[in-house]
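Engineer: Letter by letter, the chains look like this.
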Amino acid sequence: MRFFGRLMFVLTVLLFAGLASSSSFAKAVKVGVVLPMTGPIASFGQSDWKGIKIAASLKPTVLNGRKLKLILLDNKGDKVETANAVSRLIFKNKVSAVIGAVASGNTLSGAPIAEKAHVPMVTPASTNPLVTKGKKFISRVCFIDPFQGKVAAKYVYNNLHARTAAVIVDMAQDYSVGLARFFIKAFKKMGGKIVGNTFIQTGDQDFSAQIAVVKAHHPDVIYMPTYYQELALFARQARQFGLKQTIMAGDGASEEALIKVGGKAVEGLSFTNHFDPKAAVTPLGKKFVKLYRAKYHEDPSAMAALGADAYFVVANAINRAGSTNRIKINKAIRATKGFKGVTGIITLVNGDPVKSAVIQKVKDGKFVYVTTVNP
Amino acid sequence: MNFSEVIQQLVNGISLGSLYGLVAIGYTMVYGVLRLINFAHGDIMMVGTYMAFFGVSAFLLPWWASFIFAMVLAALLGVVIDKVAYKPLRSASRISSLITAIGVSFLLENLFLVLFGGVPKAFPIPKLFAGSLNIGGVILPFVSIFAPVLGIVFLLILLQLLHHTKYGMAMRALSLDIETTRIMGVNVDAVISLVFAIGSALAAAGGILWSLKYPSINPLMGILPGLKAFAAAVLGGIGDVTGAAIGGFIIGVSEILIVAIFPELAGYKDAFAFLLLILVLLFKPTGIMGKDLGGRF
Amino acid sequence: MSILKCDNLIMQFGGLTAVNHFSFEIKAGAIKGLIGPNGAGKTTVFNMITGNYKPTSGRVLFFNEEITGLKPHKIVSRGMARTFQNIRLFTNLSVLENVMVGFHHKIKYKLYETVLRLPRFGAEEEKMRQMCISLLDRVGLKDKINLKANELPYGEQRKVEIARALATGPKLLLLDEPAAGMNPQETTDLMYFISEIRDKFDLTVLLIEHDMKFVMGLCENVTVLDHGEKIAEGKPADVQKDKRVITAYLGESYA
Amino acid sequence: MNKKRNSLLTIASIVALFLFLWYASAHFNKYSIRILNDIAIFMMLAVSYNLINGVTGQFSLEPNGFTAIGAYVSSLLTLTAAQKHAMFIIVPMIHPLDTLHLPFLAALIVGGLVTALVGFILAFPVFRVRGDYLAIVTLGFGLVIRVFSNNAISVTNGPLGLKGIGAYTNLWWSWGWAVFSLIVIMRLVNSGYGRAMKAIRDDEDAAIAMGINSFKIKMIAFVTSAFFEGVAGGLLAHLITTISPTLFTFFLTFNLLIIIVVGGLGSMTGTVIATVMVVWGSELLRVVDQPMHLFSFTIPGVPGMRMILFSVLLIVIMLFAREGIMGQKEFSWNGFLNFLRHRKQK
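Residue numbers (the numbering used here), protein chains in the order written: chain A, 17 to 391; chain B, 94 to 390; chain C, -1 to 253; chain D, 9 to 354.
If you are wondering where the hints come from, they were derived from the structure by calculation, not from laboratory data. One thing to keep in mind: the hints can contain errors.
Unchecked claim - Only part of the chain D face toward chain A is listed, based on derived beta-carbon distances under 8 Å:
1. 33
2. 35
3. 37
4. 43
5. 98
6. 102
7. 106
8. 166
9. 169
10. 171
11. 212
12. 248
13. 315
14. 349
15. 351
As the list claims (entries may be wrong) - Below 30 Å or equal to it, Euclidean Cα-Cα: the simulated DSSO-like pairs (lysine-lysine) are:
16. D:92 / C:104
17. C:140 / D:12
18. C:104 / D:337
19. D:92 / A:83
20. C:108 / D:12
21. D:11 / B:377
22. D:11 / C:146
23. C:108 / D:38
24. A:152 / D:92
25. C:106 / D:337
26. B:220 / A:382
27. D:12 / C:125
28. C:106 / D:92
29. A:201 / D:38
30. C:52 / B:377
31. C:108 / D:92
32. D:224 / C:69
33. D:38 / A:46
34. B:377 / C:72
35. A:260 / A:85
36. A:344 / D:38
37. B:180 / A:379
38. A:108 / D:11
39. C:125 / D:224
40. D:38 / C:146
Every residue gets a Cβ at the ideal spot worked out from N, C-alpha and C, and that includes glycine.
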């Protein structure tokens, strides 16, 4: 019982600390952020958060000088935690809007809560079509899987002149499964042929078996829509075992670590992406990239840029709505048109952005811009 | 598959297996002496790898120096974990120390996640390990040669230590009966510390070789190899050092071969080590090298 | 009539033969001793009889039925119970609960009756409780039924262990070094206690013991084991004079 | 006399609980209601987990696997054929699962039964080994289930998971099941079966020597625990409305482990108290992830601090307060009333 007493004491102290922290910002406009800051997909949440912080320092106030206060809650990359965090933000912190989450599966567990409570929720990076489908309060700033898959297929067929492709899917990521599916559909429609379809799991480090499968089919190109860690390791081993085909990937490749880990092996790897820091088209984008480089000494990843865009879209909408009323803000978010964000010019249709994709490529140890594909 | 492809996959499997084996040895040593599954072992491997990474990239040490530095630090970490988290629970039920071990494992993972972020870091590869040989179509990356060779060298040194030094004798005695060994005048705590030190240093070595082969490191990198290494240790007959190494090779080789022969099963790869483990426990609960009675090691 | 019969039992561990061609039998109602120097294989014989070990070869007959290789809990339900060399009580359970565990294999209520708390559950639990209390009363521990088992002194813990074995309703009781760790007074008490329960519960007793005075005072018949083999059998007084027995205990030079 | 009074008190407190829930469902905000639902579901999970870990003493790490099975089975049964058809975009769902449809309660029970069946089959290899092996085999089982749910796409929809599951779980369902499971498990523990379980925990060899069929008893504990964990998985799925393999990682098991350790291994009422503390406390502890303003100091927030604190908490409890809140004891009305009387006299 002594232990129980002590624990209650600690909890009480923490409770008061919590009260103290939440009461000192009465006038600020509160926006909640739900990201995986710990757990298996922490790296994405942490990248997003970096971008959001830079964005917040660029535009810290809304509604003529009221501070925009961000409340970040960690969802550990977990669905239950996401649902808890979203309802906490909405019903306890009474935020005007929610930014988050990253993985589509997590976003989908928070979305019904926001939808029911009529609170706008903007996800920076959930690309699954279902996230916004049939919802009135859920929006996003990233393009969706079908679009990206199609862009990749087009590029591979038209620019790389590939007629056969091997597809490597990460069976632990709905993102990867989605991209592969839409790539295959589009590639076949254009007249391409899929040879060799093999699987990996997030966290895999040895790909020798998959390499053997790909090698046996001699494809023109390898489409591997997975995250950068698996891509980098795969590329290293593929090159080592004499696989020379171009690797095409999705936006999951966009992270400095791809080049750091992949080294020479990822030279020539191309991928579809949301934006290119060196070819930032908007003034806001340029400012963002400059500030980001100054603070973190590296180029912002697409995740960071999307995080920033989610922030900017919400802040912009609050200003246009001219109030902290959630329904008005949501209307403004959904009416976003021609907004010059970090990743390009964003127009939302039913919560999904209509915007261009860029193709990037690794050259001389750097991401370089190849081309822009318009929707 | 033609002949050279089979050889290629075998080589790949052996080099992967030797990494499992190195990690498994530490598991098996600690289990042999304390009957404790050191859940944090895979995380010690992770910490060791990070230390080597910082040695090279932050302190600009030559690679060999930073590898030794990492192994020493990992050994220290192993000893400290034992003293702080396991030693006070020696007389308590075994469940208690198992739970603490899980706590230590989670602590290390989350601490590193908060300190160094979840974005993987690129492990620097010294020139010596970077190239590969091509023998008749079979490609032998240098790391794939170094890993099993180093693994076997470490195993031989360890066996020498276990069977021909007084510390080794003390360790083997401990695995039979801690109390009796204490009465015989052996400094039991020192020997247990030594076991943790050796096991953790080997885990760091395994982690470093691992990262030379797969040069992407992150705070959660120790979980899956750790689990599979444990499966390897049980497979080989837990408590038996040679068995652990053999178990590692078996799991490494069969993982690679299964995927090579049945590419459509690639997704099930991670489950395979455990299905094998369950089968072995069903039919030979003591593992391949395990004896019915008598001592460990 | 013989209640237990061992026929040519062999037990090998790896290459080591722990018990070799061991045969003996126990008459109903007897108190029999199994003695021998350390490592002679006495506990191994016990473990083969109780089903903890499956003998490499040979047979164990209980009431003329073969029980070789049966699971221990099956053998218990046929009327055999044991105690352990170092007392092994359920330390976190009360004295009463310890004894009630001994009744477990006689429980008739089903799982659903337990969960639904049907009348049979309550009735049987209550009956079992009363029987255990009266059993503990008979071994003189009635006022300690609610104590935790490990709160009792050593001698009483041994009594609880025996009471727990009695609760299984045995015809044959196997005691593994019951007097180990006891002082002379406790040992003497235990001797009376064992012969008392033998009469009260109509038992046959087989015991392993080192304390010669204990064996000589209590057992009607002893079997001597050395290096896994039976070297003598008979009345305690006769066995004591046997040359091979003396050699086994004291070494060649004393013979 | 006391018995009657105690069962009256128990019934009264259950009635009070449901009166409170009735009030809560009308007056509390959705966030608090969600936390109350979480508490009920985790209570059910933790109490079942404690039956096998604390009461029977078989240290195992499988709840994430069992929860996953229950969640998948019951969700697949409540989803309509049209929903399933629209969702299974990679590979169509295998027949006849694609057209099966059951009401919520039936789906929960079937989910629990399937989980129990898996538990029954798993028990054979698992209980051949004792102690530590059990932990690693059951840990591996959780992993196998996750790999399976990622790869058996025609049953589970793979990594895409299941979406749009009906939000049927409310306070009545979750607390109804939580109270029901608590009653069943407490009754089991307070019976001959429970005594046998505790005997196995304290000394398995001695228990066997007393005529206990230890395999059967462990099996009863394991299967019961699997059933309720499966049902809890179903409740969880219908609370958050979307499930995928990432939901059922070892992290879930880790959370439950903390709960039963805090509450006291083997104490059901301790587990109940600990669930409330840990689930609610973990929400309270969110403040350590954020910048804190204590008086005039600002402590910068470190996202992820919460997880570090939980790991440290687990280690510290094991080192210094191994008994947890209740040890192996249970809350009893007699003890409680004595305690009150004692207080009054002071």
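Engineer: Each hint should be assessed against the structure and marked as holding or not.
Structural biologist: Do the hints match the structure? See the list:
no.	hint	in the structure
1	33	14 Å, violated
2	35	13 Å, violated
3	37	4 Å, holds
4	43	7 Å, holds
5	98	6 Å, holds
6	102	18 Å, violated
7	106	19 Å, violated
8	166	6 Å, holds
9	169	6 Å, holds
10	171	6 Å, holds
11	212	29 Å, violated
12	248	5 Å, holds
13	315	5 Å, holds
14	349	16 Å, violated
15	351	13 Å, violated
16	D:92 / C:104	51 Å, violated
17	C:140 / D:12	26 Å, holds
18	C:104 / D:337	27 Å, holds
19	D:92 / A:83	45 Å, violated
20	C:108 / D:12	24 Å, holds
21	D:11 / B:377	51 Å, violated
22	D:11 / C:146	23 Å, holds
23	C:108 / D:38	43 Å, violated
24	A:152 / D:92	23 Å, holds
25	C:106 / D:337	27 Å, holds
26	B:220 / A:382	22 Å, holds
27	D:12 / C:125	19 Å, holds
28	C:106 / D:92	47 Å, violated
29	A:201 / D:38	42 Å, violated
30	C:52 / B:377	17 Å, holds
31	C:108 / D:92	41 Å, violated
32	D:224 / C:69	12 Å, holds
33	D:38 / A:46	19 Å, holds
34	B:377 / C:72	24 Å, holds
35	A:260 / A:85	50 Å, violated
36	A:344 / D:38	22 Å, holds
37	B:180 / A:379	54 Å, violated
38	A:108 / D:11	43 Å, violated
39	C:125 / D:224	24 Å, holds
40	D:38 / C:146	47 Å, violated
In terms of the numbered hints stated before, the structure departs from hints 1, 2, 6, 7, 11, 14, 15, 16, 19, 21, 23, 28, 29, 31, 35, 37, 38, 40, listed from lowest to highest.
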